[in-house]
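J.: Each chain, written out:
Protein chains: 4
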Amino acid sequence: MLKFDEVQKHNSRESCWVVVHGNAYDVTEFLPDHPGGAGIILKYAGKDATEEYDPIHPPGTLEENLPKEKCLGPVDPSTIKKEEKVEKKQVVKDEGGVPPLSQCLNLYDFEVIAKRVLKPTAWAYYSSGADDEVTMRENTSAFGRIWFRPRILRDVSKVDFSTSLLGQKSTLPVYITATALGKLGHPDGEKNLTVAAGKEGVIQMIPTLASCSFDEIVAAKTHDAQVQFMQLYVNSNRAITENIIAKAEKAGIKGLFVTVDAPQLGRREKDMRMKFDDVGSDMQNQNKDNVDRSQGAARAISSFIDPSLSWDDLTWLRSVTKMPIVLKGVQTWEDAVRAAELGLSGVVLSNHGGRQLDFARSGIEVLGEVVEALKAKGLFPNPMFQIFVDGGIRRASDVLKAVAMGATAVGIGRPFLYAYSAYGSDGVVHALQLLKAEMEMNMRLLGAPTLKDVVPEMVDARALGTHVNFTPVSHGHQIYEKLQTAVGMPGEPANKL
Amino acid sequence: MLKFDEVQKHNSRESCWVVVHGNAYDVTEFLPDHPGGAGIILKYAGKDATEEYDPIHPPGTLEENLPKEKCLGPVDPSTIKKEEKVEKKQVVKDEGGVPPLSQCLNLYDFEVIAKRVLKPTAWAYYSSGADDEVTMRENTSAFGRIWFRPRILRDVSKVDFSTSLLGQKSTLPVYITATALGKLGHPDGEKNLTVAAGKEGVIQMIPTLASCSFDEIVAAKTHDAQVQFMQLYVNSNRAITENIIAKAEKAGIKGLFVTVDAPQLGRREKDMRMKFDDVGSDMQNQNKDNVDRSQGAARAISSFIDPSLSWDDLTWLRSVTKMPIVLKGVQTWEDAVRAAELGLSGVVLSNHGGRQLDFARSGIEVLGEVVEALKAKGLFPNPMFQIFVDGGIRRASDVLKAVAMGATAVGIGRPFLYAYSAYGSDGVVHALQLLKAEMEMNMRLLGAPTLKDVVPEMVDARALGTHVNFTPVSHGHQIYEKLQTAVGMPGEPANKL
Amino acid sequence: MLKFDEVQKHNSRESCWVVVHGNAYDVTEFLPDHPGGAGIILKYAGKDATEEYDPIHPPGTLEENLPKEKCLGPVDPSTIKKEEKVEKKQVVKDEGGVPPLSQCLNLYDFEVIAKRVLKPTAWAYYSSGADDEVTMRENTSAFGRIWFRPRILRDVSKVDFSTSLLGQKSTLPVYITATALGKLGHPDGEKNLTVAAGKEGVIQMIPTLASCSFDEIVAAKTHDAQVQFMQLYVNSNRAITENIIAKAEKAGIKGLFVTVDAPQLGRREKDMRMKFDDVGSDMQNQNKDNVDRSQGAARAISSFIDPSLSWDDLTWLRSVTKMPIVLKGVQTWEDAVRAAELGLSGVVLSNHGGRQLDFARSGIEVLGEVVEALKAKGLFPNPMFQIFVDGGIRRASDVLKAVAMGATAVGIGRPFLYAYSAYGSDGVVHALQLLKAEMEMNMRLLGAPTLKDVVPEMVDARALGTHVNFTPVSHGHQIYEKLQTAVGMPGEPANKL
Amino acid sequence: MLKFDEVQKHNSRESCWVVVHGNAYDVTEFLPDHPGGAGIILKYAGKDATEEYDPIHPPGTLEENLPKEKCLGPVDPSTIKKEEKVEKKQVVKDEGGVPPLSQCLNLYDFEVIAKRVLKPTAWAYYSSGADDEVTMRENTSAFGRIWFRPRILRDVSKVDFSTSLLGQKSTLPVYITATALGKLGHPDGEKNLTVAAGKEGVIQMIPTLASCSFDEIVAAKTHDAQVQFMQLYVNSNRAITENIIAKAEKAGIKGLFVTVDAPQLGRREKDMRMKFDDVGSDMQNQNKDNVDRSQGAARAISSFIDPSLSWDDLTWLRSVTKMPIVLKGVQTWEDAVRAAELGLSGVVLSNHGGRQLDFARSGIEVLGEVVEALKAKGLFPNPMFQIFVDGGIRRASDVLKAVAMGATAVGIGRPFLYAYSAYGSDGVVHALQLLKAEMEMNMRLLGAPTLKDVVPEMVDARALGTHVNFTPVSHGHQIYEKLQTAVGMPGEPANKL
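Protein chains in written order, with the numbering used here: chain X, 1 to 497; chain E, 1 to 497; chain B, 1 to 497; chain C, 1 to 497.
Please note that the accuracy of each hint is not assured.
From the derived model, a few chain C residues whose C-beta atoms are all more than 10 Å from chain X [as the list claims (entries may be wrong)]:
id	residue
1	66
2	73
3	208
Pairs of lysine to any residue residues, derived as SDA-like cross-links and limited to a Cα-Cα distance of at most 25 Å, are as follows [as the list claims (entries may be wrong)]:
id	chain 1	residue 1	chain 2	residue 2
4	B	158	C	426
5	X	436	E	271
6	X	270	C	426
7	B	452	B	160
Stretch by stretch, here's where chain C covers chain B in the computed footprint (C-beta under 8 Å, at least three residues) [as the list claims (entries may be wrong)]:
id	stretch
8	98–110
9	143–157
Hint data in this document are derived by calculation from the structure and do not stem from the laboratory.
Ideal Cβ positions, reconstructed from N, Cα and C, are used throughout, including at glycine.
Put together the whole structure using the sequences plus the hints.
T.: Here it is as structure tokens:
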């Protein structure tokens, strides 16, 4: 059995060993292919990396990506010294700061609490958006430009908001959308979502980049009839993708959501700034390394998300599965119409939660032009082609606005992550119950006993395209200096306003 | 006579007695039917609840809702120990902080002062709106999108702003609209409004959910000819409603305003958060209880506001009264036209002060489309069908904007509550005098000696539907983090803007 | 000769004497007619009121308003004790805080400095607007919605911005408009403006409500050819007005600007709040007195501004003068067209600096519709009917925007008051020089060597009517509470955002 | 050899000598012609001015502007006392405050850092804009009103953003535009830009008003094939301009950008306020001097920028060079069309970085009307007439918006100044690399593998002309006081909101 002092010798780019879950691995040759860059591995060269490794890699990652001979076998535990941890500028999870779950009255509450309990790096990863985060904020803002036209004196003693997504029942016109790295927020990761979805009768979409393995997430279902969808990044190596699809189909997954808005993963600067907390002291090297890493990330990503994926590939994709296929990340009527004409099962109008292209429009805004174009071509309404929307949804009123405009259901992501980060699956259950309570209330007040009664005339969305309400700001506006005057205002220093 | 230590034994869900005004009541069976939930009663199980009970229940509530045999009779006062009050985190009414009434120059002033003098729970109840309170703020904002086109060189030496509502004289095109739980602000509750309305010659609308009893409010009139209207929630038990109507008719009420925007009472989160100040220490139970209560509230409300009320019920309603009937809470031209075609006496364009459906449009915005549609159908102007508006009115200029656009009068609610919370009925009198002074001034400056001269051409309301001025913000915007930079701005810590 | 202790006995409403400039006056019967209310005089009953009297009354006021017998003659100075001054919460003029004049780079600078040096009451009077001051701020904001379309490659080596107003030469398309109570800011009052106007070759409009007498202002001219205009409030007593006009004509006044937007003087709450610093201790009385005063003010004003003034009176007005007559305060195209059709000499599109009707539109916005309507009727351009604009002008770019849209010249008021409050007439000279420097620069950059070259195509004013940029806020928005969350944001107390 | 005490005697307007780089000069007769005014030279009369002189004058300035006889020859160094420096309120360059270059993630970061490291006077000069700086901020804001319409499922494995400007290759559709006084930020001045441009394969435009001499900048090229453009202010003395052009042509300059938006240099008040830190104690004189200087500046500028330059002069200009001629500072479609019809090589749609006419529209907004007008006349697309845009560009997304709307390339100025102020040429290299990384990412996410694929349909620019998003504020809004109420809000003093 290996001794740890042997491992410690392999602590450089030339020979790099790491210990994960008690086994040593030789990752020297893998360094240039690591999607997160070589630098982050080198920090743990010759060390035990288990704690950092776990939340960002689903079980089996090492086994799948390294040739067998690179696993050097178990390290004798008695030889492992208590590793001097690289000191981190991170607060510990502050359990005392979490209010009782009953005090969470809406989905925004979970966000405020999550910011308290999450490690700064996790918060940065979950909460960040692309560039100036204009699109991320616009996603919520856009709903603020849609107003209701409620009807009166209708019998709303019974309210029913159940619906059907790709032929599968859901208690709400809401599904839990796919988000990556679920263990950053909670040790049970995505399984929290599975359990809550099962209990509350909604559908979870399993992410390709989950922290938990696909098998774990499927196994966490609360009952056999629980429905799950699958989100898919198409790999440059099509065989890998075919494997994933076959496995999903076998596990009873009921819908395949192919991500089409991420040929390259977006730059999220808030997330990137966090990483500087980990830099060593050799600024000169760090500097060079950064430039490399930045270029390397783009290259590296190419190795598992295929940037050449195009409409032509859909023929292949449809040949390898019987699951309904939905394009996730459609952002124009032109592409939505093409998807409908190809006979796909639907589209998700989405900008990836504002994490990819900044100044992409919100899904709810795109919904307006998509429904109009589909109607003009006689393709709407069509029960075999459903429209979904995600991004910025925080209230049942947001859900109802999307439904009124033609969406079958909406996806919600971050709020559920925030909910389980603070409260585990109970938090997600509570979040879903809050949405249901709001749905019941709002449908009564709209005069709509069922979702069919939520019609276009119930919303005034004329201002949706104006982008003028709830204005987001960019870096340019935050850093702008105030104007000066000849003297200061009372209480302020001269020459400053 | 009962001894208090006997009462104290009945302190659980299984057997729950409470003392109110010296009498003991067995409310065990009533618990699940309490509109406010069982939890709030259980806090006083086996105790004297008089102080908490009074401001939220009009006299006679217990008698009307409990079977006679549940009144267990008087408790021997000598056996009642000074009850250890549940400690409350509430400031006492700060009389010293109230400026002389003459310093209140406009209706906004009362709001600032009321916030100082009201108990936090009362402030939360009065001031809160639904969800993100966007509609509540939009109600005021909407008036900010209407501008004047004043005319010059007209003889305005005499200005007359008296008018007639449902055939009843009013010194102002303003009435005091119905609001609930008046005693939270002042021990005389709604009677403050009655007295001031009488003195100043305006009409008060009596609420169904008043703290004072209907009889008390009618009795508070300052003179026999004083006119009152009645607001009505239609009960699932129609007999109760018929009783209320008969009683109103007998008391000389001149108009019946049927609330149609509240099949379920709205969630007001600011109000809900206040309640957490009262929670006990058993968080686990509290947690469960909250979920129950939330579901229970919806059910409970159904027991006294009928969510099945529909257009068909108007036939019955018109058969049981000769009072003019006005629908309160109309929010689209479609429903206003229907009301006019049915021969009702009018509509109140209202969103319930922003307390029901968030993102409902303001009454003043709806007024624009309603008048247009009525005109197109030859139903406007029509002296037998009057249009009222409420929500967000704070200035005589707001009143005149509504009149110019076609309203007969406007309802004002909260500002009068705030006025009497700080100054009793004198405050309301002063508020009405301020409005009159503003009316005289503004009509002179508009070049309009009478309300007939306040014509559509005097306002530019083209921007009303744009929702872009005076922008309200939602939770989503308040909690959004500022962007980061590589270093801080001068005077700020690094990495924070 | 009167002894002061005799004066001191007459210190009540029943018998009220005051001393001004060494003479005693019996004002008992005048009390109800005082435009500022009786209360303010009663504060000085039996006392020497000279210091308070001076800045608000032009010389001769007492003589003109009181019957001769009410002047009781001089008081023996040796009998006057050093009067215990009513203590005032006012800072003294802070000369040390005034930067050198050369540091004032634009007209805004004077405003910031004036706020420092003016007594709070004077600042409140000068700077206040009506109600929520929305119109006052909109006056500046409106210019922010007009953008330039500058032309290139034109010979701008020589730039000429001189023009002609009512046939009188001016070095700038700017005149100094009439404002009241000029001595509040500086002991020389309006004479500061006269001197500066003479030095810089611009025209001053003399106000009816000046602190200096008409004769003093005329006498302050720097040279005989200096041109002055006159602003006129038409008195209910037409004889008084005819006297004023005759005097003006005799003094060589070249234009008569009749104010038509002030049948009643506006409520300016900032100004009113200042007065509470002077209240005595008897709150109960104060309270009543306030209500009286408020009603009394309206009545009192009627005594010297005639609210019945109408179009018919123009026939009389034209019969008593040969001066060109301009209506000041026109706010719609309808009234502007009527003035043009009547053959008047022009209109000032103005809302009285935002001091009268709140939510009146800005003069620059009205200009758009006025020019369009006059053109449609073949009344524009017409050298015999000139259009002026005032309100919110602070930059030469504002002036040029008005000229491009069709104005002959613009009036500027407050900035010149602020300039002389801090620097006397030198300040006004400097302000005018700054405007000239900006004019030269901006006309060069616009590609316009003369004012004739400043054409409509040089501005994009399409957004002028939208009212959405540079949004003013109302009281309603300032006092609105932030939303609450389940916990506070980092660094903030829980439950508050 | 001159002794320094002889120099010191010539310290007045009557006889003014200064020492620069060890030589004494008699500048008495030159005083009135100094573009910066006489005052600034007089501060150094009889002194050594080298340190102040260097950053604002390119080498050779004295030699070119003074007759030979005015150079009085070297001063004996042993006679020069350590000059008592005029004390300056300036912080020294804070090297410790500069984060590692790798932490700069976007172009905004350089601005925040530059503010830290630059002397206040340099910061004021670089960062200031005209008047209220509305146009300066609008330049960035305007891009915020353009949103993307990204396309999906296109092969973006390879992304190419190279292009051609006036026939010259560039790795990016970005050039480094001309900005003045480069040595204020860094001792190597504009040469930093030359080196970085060479390394990264982009084109630098050499400014007429550079701190480095033309020859130095040309000599700094990293390789012979490196392309440079030249910016030109046309001098009233055409011979000087012809000399400059001939020299440029000989040095291989590939394009001549004639500035047409600056017949007079703009007033930048932030910059002007800085100068008051240098005033002496004689305020009275200073005051007068300021007025003089202000007038003098306009006159002085006329001596080297010709305000009479007009379209007619283009015939002469085209006769003296074979370089392609581009007009820099075009702001309307009318002028752009005229330039195209004259057969020029292009236009730069620019408002001089917001430093000339405030309320001029942004270049990107003007682009919309220019392309539309050129298309309507059959003049677009036309490879021989290219359209450039500058102003406010900070992100690759801004670049792509301009390209989609029809621009060939965009100019970026200040961000590169900020980059080298903190990091020398490495900073500029890093800035260009950041733009490239963003370009690659954004083009992938747009679904555009080459710049030809970046088509008009990929942007929604309908709101561009509304000027309502990202609202800039003016002085008027910053100094506006908050409204008052009868009492303060909790935690605030009474009477203040």
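J.: Could you tell me which of the numbered hints above are not met by this structure, giving the numbers in increasing order?
T.: Hint 4 is the one this structure does not satisfy, whereas the remaining hints hold.
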